[in-house]
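> Spelled out, the chains give:
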Amino acid sequence: MSYGLALIYGVLKIINLANAGFLMLGAYLTWWLFTAYHVHPLLAPLIIVPLFFLGGWALERTLVRRVLGAEPIISLLLLFGVWLVLQNLAYVIWTGDTRSIETAFVDATVALGGLTLSVPRIYVFVMGALVLVALQLFLTRTFLGRAIRATAQDRDAARLVGVDVDRVMGIAFGIGIALAGFGGSLLSLLFSFTPDFGRALSLKSFCIVVLGGLDSIVGVAFGSLALALAEAFGVRYMPASLQNLISFVVLVVVLIALPKGIVGTLRALRRG
Amino acid sequence: MADPVLEGRGLTKRFGGLVAVNGVDIAVERGEILGLIGPNGAGKSTLFRLIAGVMKPSAGSVAFNGRAITGRSAHDICVAGVAVTHQIVRPFREMSVLDNVMVGAFFGHRPRPRGRARARAAAMEALTVCELADRAGAPARSLTLAGHKRLEIARALATRPEVLLLDEVLAGLNPTETDRTLELVRAIRERGTTIVMVEHNLRAVRGVCSRIAVLVEGRKVVEGDPDAVLTDQRVVDAYLGTAHA
Amino acid sequence: MASRTAAAAIVLAALVAAPFLAARSEYAIEVLFLIFLYGAMATAWNLLGGFAGQVSFGHAAFLGIGAYATTILISNGVSLWIAVPVSALLPGLFSLLIGVPAFRLRGPYFSIATIGIGEATRLIALNWTSLTGGASGLTLAGAPPMLQQYFAALALLVAAVGVAAWIRVSRFGYALAAVRQDPDAAETLGVATTVVKSQALFLSACILGVAGSIYALHYLFISPDSVFGFSTAVSFVIMPIIGGLGTVTGPLIGAVVYTFIREQLAATLANADLLAFGVLLIAIVVFEPRGILGIADRIRALRKRPAVTVADG
Numbered sequence: 002m003s004y005g006l007a008l009i010y011g012v013l014k015i016i017n018l019a020n021a022g023f024l025m026l027g028a029y030l031t032w033w034l035f036t037a038y039h040v041h042p043l044l045a046p047l048i049i050v051p052l053f054f055l056g057g058w059a060l061e062r063t064l065v066r067r068v069l070g071a072e073p074i075i076s077l078l079l080l081f082g083v084w085l086v087l088q089n090l091a092y093v094i095w096t097g098d099t100r101s102i103e104t105a106f107v108d109a110t111v112a113l114g115g116l117t118l119s120v121p122r123i124y125v126f127v128m129g130a131l132v133l134v135a136l137q138l139f140l141t142r143t144f145l146g147r148a149i150r151a152t153a154q155d156r157d158a159a160r161l162v163g164v165d166v167d168r169v170m171g172i173a174f175g176i177g178i179a180l181a182g183f184g185g186s187l188l189s190l191l192f193s194f195t196p197d198f199g200r201a202l203s204l205k206s207f208c209i210v211v212l213g214g215l216d217s218i219v220g221v222a223f224g225s226l227a228l229a230l231a232e233a234f235g236v237r238y239m240p241a242s243l244q245n246l247i248s249f250v251v252l253v254v255v256l257i258a259l260p261k262g263i264v265g266t267l268r269a270l271r272r273g
Numbered sequence: 270m271a272d273p274v275l276e277g278r279g280l281t282k283r284f285g286g287l288v289a290v291n292g293v294d295i296a297v298e299r300g301e302i303l304g305l306i307g308p309n310g311a312g313k314s315t316l317f318r319l320i321a322g323v324m325k326p327s328a329g330s331v332a333f334n335g336r337a338i339t340g341r342s343a344h345d346i347c348v349a350g351v352a353v354t355h356q357i358v359r360p361f362r363e364m365s366v367l368d369n370v371m372v373g374a375f376f377g378h379r380p381r382p383r384g385r386a387r388a389r390a391a392a393m394e395a396l397t398v399c400e401l402a403d404r405a406g407a408p409a410r411s412l413t414l415a416g417h418k419r420l421e422i423a424r425a426l427a428t429r430p431e432v433l434l435l436d437e438v439l440a441g442l443n444p445t446e447t448d449r450t451l452e453l454v455r456a457i458r459e460r461g462t463t464i465v466m467v468e469h470n471l472r473a474v475r476g477v478c479s480r481i482a483v484l485v486e487g488r489k490v491v492e493g494d495p496d497a498v499l500t501d502q503r504v505v506d507a508y509l510g511t512a513h514a
Numbered sequence: 415m416a417s418r419t420a421a422a423a424i425v426l427a428a429l430v431a432a433p434f435l436a437a438r439s440e441y442a443i444e445v446l447f448l449i450f451l452y453g454a455m456a457t458a459w460n461l462l463g464g465f466a467g468q469v470s471f472g473h474a475a476f477l478g479i480g481a482y483a484t485t486i487l488i489s490n491g492v493s494l495w496i497a498v499p500v501s502a503l504l505p506g507l508f509s510l511l512i513g514v515p516a517f518r519l520r521g522p523y524f525s526i527a528t529i530g531i532g533e534a535t536r537l538i539a540l541n542w543t544s545l546t547g548g549a550s551g552l553t554l555a556g557a558p559p560m561l562q563q564y565f566a567a568l569a570l571l572v573a574a575v576g577v578a579a580w581i582r583v584s585r586f587g588y589a590l591a592a593v594r595q596d597p598d599a600a601e602t603l604g605v606a607t608t609v610v611k612s613q614a615l616f617l618s619a620c621i622l623g624v625a626g627s628i629y630a631l632h633y634l635f636i637s638p639d640s641v642f643g644f645s646t647a648v649s650f651v652i653m654p655i656i657g658g659l660g661t662v663t664g665p666l667i668g669a670v671v672y673t674f675i676r677e678q679l680a681a682t683l684a685n686a687d688l689l690a691f692g693v694l695l696i697a698i699v700v701f702e703p704r705g706i707l708g709i710a711d712r713i714r715a716l717r718k719r720p721a722v723t724v725a726d727g
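Residue numbers (the working numbering), protein chains in the order written: chain X, 2 to 273; chain H, 270 to 514; chain A, 415 to 727.
Among the hints, a few may not be true.
Stated by the list, open to error - Quick list of in silico lysine to any residue cross-link-like pairs, SDA-like style, CA-CA up to 20 Å:
1. A/K718 <-> H/P408
2. A/K718 <-> H/A407
3. H/K325 <-> A/L446
Derived from the structure by calculation, the hints contain no laboratory data.
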């Protein structure tokens, strides 16, 4: 179950990394879904995805572009500022009260071979997997996808081979934010939320990326699985409130032992 | 050679399926200027990085003054007495030229200057040797390319190295600047520093180096007297490409 | 330089005299106290964040450890003279422990990891109820007289600024600047970057620990959310950025602005202050990353003929 959730976190991270280090995004958008959710849960993404795509694109054109030349920490700070604004705007507009979506769908369960599975979780898992696969196909098979990857690796080289880097950056950013929005939308089906929602998630997605190595979607999938397993394991032994610590502890352990992430280390070992 | 100051044995570096440096043996004589040449991609810069500790070798060993330094960190190796310059210059952009060199003076080979005034004096000395003393107060980013290259050298020189690894310090310079830099290299050697230079400018290399080693596709192909090496058929083939049989 | 030291001395003298001159205005004393405290915290953070260039969003952990250490020790009858040094050392030791894995990460990745560190310490404090009282927090019986607190905060500020000023022109300062601008090049010049970063972290953690002590003795109530909270950690980042990242006086200026905005806005609407800071942060990052001091530099440069100057502050 948490694998599906983890997948989503991982997906958010990958696109952000494709934008060379813009990392805070996933978090702020997930809670933005407050508003759409008071409307219609399952259909909300139809509104959210395009809206957020435009928002992300606009953000890139106006603000992000200006700090591209500076050190990466500057863009981090910028996005952090954006996140602060959004989070506190949410507090101001919707207050810190916990919100959740209450519909029949959310409580639905289905019996499958002796197990009672929650329908929303299955839905989220499936959607998460679909998105991941779609993303992988997009990035590897389409021209635009490859253009994005090229730009992420080397902006100047991409320009030299004819990629319209400005347009690509805007689009990539837009996709990243749209995905974050979509992810948050899905998650709102499963959890109740406050404006603080994004923070724990962004930590987890970061953890997934470190676990899985920074470069590949396969790595992300692997990292998600690893984290999900660790959490499932931890549930048995730790009080619920410490759940979030698990990802952090895993992160610290991995960083001490394997600086390149698990996938990176495996790759290095294979090469010899 | 008896008692080389720097010796690499069987140095190898693999990146995935690519072998950048393949079992290279290299011995540097004290007080010489050794040239390291080869076509692009031959592994010369990588070899430097292995020696300087910037990268760990996949196999092989490096010894400095008879003591193994393989696998030690870059800062340890600099403190031991081996300094390296960067092919693509990396000045500390927000500092002045003098401050850049002071970093080297403060942190290089021991004994280190105690106190800011002494470090400053040591840095100015390095700058004077490199003919940058008049630009000492200027921001590092205001230098021309030739200036940047000399700053790289001055900074590394300020760490008081016994061996200085110069990575393509002539790249991008016009003939006048090239000659000036070669003079600088000779002057540094006169002061007692052993030098290894990676270069593409074959004429320059012939003029200043006492020996030349040639790397092709990660392997050392030939080594010895500059004139002999540069006319060696293997070297000519490597640079010009062999004719199809 | 001399004129600057003279100016600083005058300001210091004024601040020392202030509580006696303005004895009636408790509010003014309180505000000054807060400025001193925030200023010290911002300066401490700036050692790692501004000088060494490692932006941490988790420094609240050190404040919290210091605050809890003091509260717990004093509640158990330990003298202030022991409690404060312990409150300084404990976060320092913790920082060394955390630094080892954290410094394996570079730039933005390090920063994100620090969010986790801050969050983790908050969760630990929240759950280790036997030690920390959990969510209900801990209280202290009585506060030292305000005058004492005022001078303690001022002393801490002077110490912090003193350390920062000394570092700026010392060998250590050169190492930090090198690490900030190009850690790999620094390594090849003999700078042990991880050691240098750890030293900066240790110093900032210790200063924050003492700040935590002063905080606890002032508010007499601490809870995981107040001292380990994310908004606290965020304030440490915002203050130096507003004033001038990586400078000696920047964090102070930022502390003044921060205190001012906070006092004005927090009363009106909860979270409005953080909102304002978010906007301010965006504006600064986009238009003048060097903060208020950067703006001042620009104004000064416009006034006279542009000359080649080495950045200073």
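> Keeping to a limit of 20 Å between CA atoms, is the pair of A/K718 and H/A407 held or broken?
Holds, because 19 Å separates the two Cα atoms, which is no more than 20 Å.
> Taking only the CA atoms, is the gap from A/K718 to H/P408 under or equal to 20 Å?
19 Å, holds
> Hey, H/K325 versus A/L446, does the alpha-carbon distance stay inside 20 Å?
54 Å, violated
Checked against the numbered hints given earlier, this structure breaks only hint 3.
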